[in-house]
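When you line the sequence shown up against numbering that gives the first Met the number 0, it's residues 0 to 200, in that order.
Quick caveat, the hints were computed from the structure, so don't treat them as lab data. One thing to keep in mind: the hints can contain errors.
Claimed, not checked - Distance ranges between label pairs, derived from CB positions:
id, residue 1, residue 2, range
1, Glu-135, Arg-56, 17 to 27 angstroms
2, Ile-89, Leu-44, 34 to 44 angstroms
3, Pro-198, Pro-114, 19 to 29 angstroms
4, Phe-32, Pro-198, 32 to 42 angstroms
5, Pro-6, Pro-80, 47 to 57 angstroms
6, Gly-110, Arg-56, 12 to 22 angstroms
C-beta atoms are modelled at their ideal positions from N, C-alpha and C, and glycine is treated no differently.
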Amino acid sequence: MDSALPPLLEKAVEELHRLPGIGRKTALRLALFLLGQDEELATRLGESLIHLRQDIRFCRHCHNISETEVCPVCASPQRNPHLLCVVSDIRDILAIEATQVYNGRYHVLGGLISPMDGISPSHLHLADLPERVTTEAVEEVILALPATPDGDTTAFYISRLLQDSDVSISTLAKGIAVGDDLEYIDELTLGRSIQQRTPFK
């Protein structure tokens with residue numbers, strides 16, 4: 000603990016420093032910024048974070064974040080219910096939606112199978128995927144997973160999981176570099192990769 004900082008400020012810096020990508024210097028800068036603003040700003044920020052944590056839930060169908068039991072994507076009659084895009088993370092949905100070329104629904108795994116990190120299929124939202132494919136009469140499953148060893152392992156597992164179903168399985172076109180996460184890919188490249196998707200082999 001920096002003895003030059005008052006304990007209350009030090010506590011705020013410690014909590015901000017827990018956020019991903021926020022170093023101690025940045026945390027201190029943010030804390031000092033908030034300290035120099037009107038009390039109303041800090042109050043609004045605090046209340047919004049509390050509401051975020053208390054009121055945001057996960058869609059019971061696709062596991063996307065939502066303020067309701069069923070997210071807007073799953074509830075929309077304009078979305079193609081026979082097209083299901085499997086992603087590892089909620090941020091991937093935001094990246095794909097930004098392309099404005101995909102019109103189906105999603106299935107969020109909540110991560111990737113990673114034996115090195117101790118993440119097995121049971122840690123992910125995989126068990127309900129075959130049931131969704133059947134009950135929602137899905138005709139195509141798009142595996143929009145990172146081009147990494149963990150992404151490939153997860154894609155292979157899903158292909159085996161769905162092998163007894165009649166569904167077509169495709170994967171993004173290879174315009175995406177190996178090792179890239181979807182959230183960091185430009186919209187044009189990602190959009191073309193979705194449109195030019197290929198059968199999963």
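Verification of the hints:
The beta-carbon spacing between Glu-135 and Arg-56, approximately 21 angstroms, falls within the hinted interval of 17 to 27 angstroms. At about 22 angstroms, the beta-carbon gap between Ile-89 and Leu-44 misses the expected band of 34 to 44 angstroms. Separated by about 26 angstroms at the C-beta atoms, Pro-198 and Pro-114 satisfy the suggested range of 19 to 29 angstroms. About 51 angstroms separates the C-beta atoms of Phe-32 and Pro-198, a value inconsistent with the hinted range of 32 to 42 angstroms.
A hinted range of 47 to 57 angstroms for the beta carbons of Pro-6 and Pro-80 is consistent with their spacing of about 55 angstroms. Checked against the hint of 12 to 22 angstroms, the C-beta distance between Gly-110 and Arg-56 comes to roughly 18 angstroms, which is consistent with it.
Of the numbered hints listed earlier, those contradicted by the structure are 2 and 4.
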